[in-house]
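All chains should be modelled from the sequences, with the hints used to inform the complete structure.
Those protein sequence lines, which keep their order, are chains A and B.
According to our numbering, the first sequence holds residues 182 to 258 in order.
According to our numbering, the second sequence holds residues 28 to 517 in order.
One or more hints might be untrue.
Stated by the list, open to error - Per label pair, the in silico range of CB-to-CB distance: (1) A:L218 with B:E166: 36 to 42 Å; (2) A:L251 with B:E166: 33 to 39 Å; (3) B:W122 with A:L218: 42 to 48 Å; (4) A:A226 with B:L327: 29 to 35 Å; (5) B:R139 with A:E225: 54 to 60 Å; (6) B:T246 with A:A214: 51 to 57 Å; (7) B:L327 with A:G215: 46 to 52 Å.
Stated by the list, open to error - Here are some, though not all, of the chain A residues that point toward chain B, as calculated from beta-carbon distances under 8 Å: (8) P206; (9) L209; (10) P217; (11) S224; (12) A226; (13) I229; (14) G233; (15) S235; (16) W239; (17) A242; (18) A249; (19) H257.
Said to hold, decoys possible - Computed footprint of chain A on chain B; a stretch qualifies when at least three of its residues, placed anywhere within it, have a C-beta under 8 Å from a C-beta of chain A: (20) 56 to 67; (21) 168 to 179; (22) 245 to 256; (23) 324 to 334.
No wet-lab data here; the hints were simulated from the structure.
For each residue, glycine too, the CB sits at the ideal point set by N, CA and C.
Residues per chain, in single letters:
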Amino acid sequence: MLDDVTLGHFTPICYDATVVRLTRPVLLLVLLAGFPLLALLPSEAGSIRVAGLSLLWWYGAVAVPALAWLIAVVLHR
Amino acid sequence: MTFAARTLALWLTPAAWLALPALVLESGPDGLWVGLLLLVAPLLALAAAGEQAPASSSRHELFPVVTFLLVVALVLWANLVLAGDVAAWLGWPRWRGIAVAAGGAWLLLVWRGAARLVPSLLLIAGCGLAVPLLALGYEADIGPLAAWGRVASLPAFRLPASSPWVDPGRELRAGRGPTSLLFEEEHRVTAAGPAQLHIRAVDGARVTENDWDLRPGDTVTLRSGDELRWPAGARLRFEVGKTVPGAPSSGIAWADGRRGDSAKRWGLLLTLLGGAIALVDAGTRPTRRQMAGAGAALILVFGWGVIWAVYCALGAPDLFLGGVAIERLARPPSLGWPTGVGRIVPLLLPVAALASFLASSVVLRERIGGLDVTGGGEIGHDVGLWSAIIGATALASLWPAEPWMLIVVALGLAASTLAPAALWPLPSERARWATVSGLVGLGIFAALALAGQWTRGVEGWAGLPLAYPAVVAAPAAALVLRLARRARRG
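Written as structure tokens, this is what we have:
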């Protein structure tokens, strides 16, 4: 099944509704799964500080919320 | 009632949103994981629910209504326990906090137009959360990012001079405080009133136990490894500048967290996700704007929780004393608050919790009313039924319990019994199979939850079904539904 979506002044795009239906929950789950996986990286890679915050905290406190919101809203039908 | 307000009130009761900073404070990244689940689970549930046809199969069945009532009763219980704990922490009798919260919920039950109040109640709650946070940031004169960096660099969490446990001394069991303390360095403890202390000292292989009767002003010195116990009512003073018993060993240890808890993380993921799928109305089809609003509101609460925890770790490390209790986060003991009119600021958080609880009580009733199509949603306004539920949960709340664990049990129950049918609704002619699947989920959930009480200490993946029974119960219930669906096709 094909559907289309218009985002502001952008050209409408066609997409497969079935793919989008699965994409949104799967992307959110992948986003979540990244957090425990990042914590398990060897050599404590998640503890590396970048701009005052560790990678794990950047991912969990900033990246996941922002990306989750984008996925939930932009891919919303 | 706006969609965002409804979602927020349905999902984030005070026992959930106040647990977020408490868990971040207690276990750093593990707490952050809980916060992420609280944020993403409803978005995921809405994403899944929006794709489903409106659930028709379960609407004439009694089972989902009864189970939902049980889930809501557990949620109310958790929040009334928290109300009692916060009251005790603020120095009031425990019953008074429970009575205020339960009485408010009952008054909104009697008033039919209460649903119109929900956005206003949540606005009050939002202000009650935002103002103390802004005041704290202003007083600390440091941004959240810099505050995190400072906390994560602390060599140890030490008792500040402003702590009430340093001067004038305070009862440790106020609220749901600890019953024992394990010391990691030499520490002089002074009785602020008459106190009977029990000290368990470990010296190599030799263990000695001593009882001390202290008069006000008497002091006892504990060494590293000593464990202190005391009866309720004992007021003690601790030494300023000493490491806080029960706190992480350093800021780095707090920021990095513990490793090897991945089994529990996945268990909590499935429990909260299933709970969200059950709580969020499967028939809901939010617009993009509604979704954006609900997501933004969830992110604001998540951000508040994380930043509140970081500021508390920096300004009130005595919160760690004997382990972090949720109610302490409602009014951290040693934070520097503004003076003058600003003295009301610390009271705003308990007010926010009360407003949020009242909003949730209305929305949860409306949600159950939505299941009762044949009765026109009347079950959500049944004064007799809800008076009994509120009365019973208020009575149960007089005994201390762990509010967050009650929320996890409620969501686990919802995940095991209601979520599979919400995800894969059956046509009305096979609706009884939804009940069968729910009963299977309920039976397995109850059996594992009971078994978990007698088999404590089983860690890792083997202990996962006992710690989070929904990881087995929900798939089993889903399997019954799948078989029923396949049988229909056959």
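Do the hints match the structure? See the list:
1. The given range of 36 to 42 Å is respected by A:L218 and B:E166, whose C-beta atoms sit roughly 38 Å from each other.
2. Roughly 34 Å separates the CB atoms of A:L251 and B:E166, a value that falls within the hinted 33 to 39 Å.
3. At about 46 Å, the beta-carbon gap between B:W122 and A:L218 stays in the expected band of 42 to 48 Å.
4. Separated by about 30 Å at the C-beta atoms, A:A226 and B:L327 satisfy the suggested range of 29 to 35 Å.
5. B:R139 and A:E225 have their C-beta atoms about 57 Å apart, which keeps the hinted 54 to 60 Å range intact.
6. About 52 Å separates the C-beta atoms of B:T246 and A:A214, a value consistent with the hinted range of 51 to 57 Å.
7. Judged by the Cβ atoms, the range 46 to 52 Å given for B:L327 and A:G215 is violated: they are separated by roughly 22 Å.
8. Look at A:P206: its Cβ gets to within about 5 Å of chain B, closer than 8 Å, so that hint holds up.
9. With a least beta-carbon distance of about 5 Å to chain B, the hint placing A:L209 at the interface is held under the 8 Å criterion.
10. Interface hint status for A:P217: upheld, as the beta-carbon distance to the closest one in chain B is roughly 5 Å, under 8 Å.
11. Against a cut-off of 8 Å between C-beta atoms, the interface hint on A:S224 is violated, since the closest Cβ of chain B lies about 12 Å away.
12. Annotation: interface hint on A:A226 violated; nearest CB of chain B at approximately 11 Å, more than 8 Å.
13. The restraint placing A:I229 at the interface with chain B is violated, with a minimum CB-CB distance near 11 Å, outside the 8 Å limit.
14. Using the Cβ-Cβ criterion of 8 Å, the hint placing A:G233 at the interface with chain B is satisfied: the shortest such distance is roughly 4 Å.
15. The closest approach between the C-beta of A:S235 and any C-beta of chain B is roughly 6 Å, which is under the 8 Å cut-off, so the hint is satisfied.
16. Violation of the interface hint for A:W239 is found here, the shortest Cβ-Cβ separation to chain B being roughly 10 Å, above the 8 Å cut-off.
17. Nearest Cβ of chain B to the Cβ of A:A242: about 5 Å, under the 8 Å cut. The hint holds.
18. For A:A249, the suggested interface contact is upheld, since its CB lies about 5 Å from the closest CB of chain B, less than 8 Å.
19. About 5 Å separates the beta-carbon of A:H257 from the nearest beta-carbon of chain B, less than 8 Å, and the hint is met.
20. With 8 residues having a Cβ less than 8 Å from any Cβ of chain A, the stretch 56 to 67 of chain B passes the three-residue criterion, so the hint holds.
21. Residues of the stretch 168 to 179 of chain B with a Cβ under 8 Å from some Cβ of chain A number 5, which satisfies the need for three, so the listed coverage holds.
22. Judged by the Cβ-Cβ criterion of 8 Å, the stretch 245 to 256 of chain B is not covered by chain A as claimed, because only 0 of its residues qualify and three are needed.
23. Proximity of the stretch 324 to 334 of chain B to chain A, defined as three or more residues with a beta carbon under 8 Å from a beta carbon of that chain, is established by the 4 residues found.
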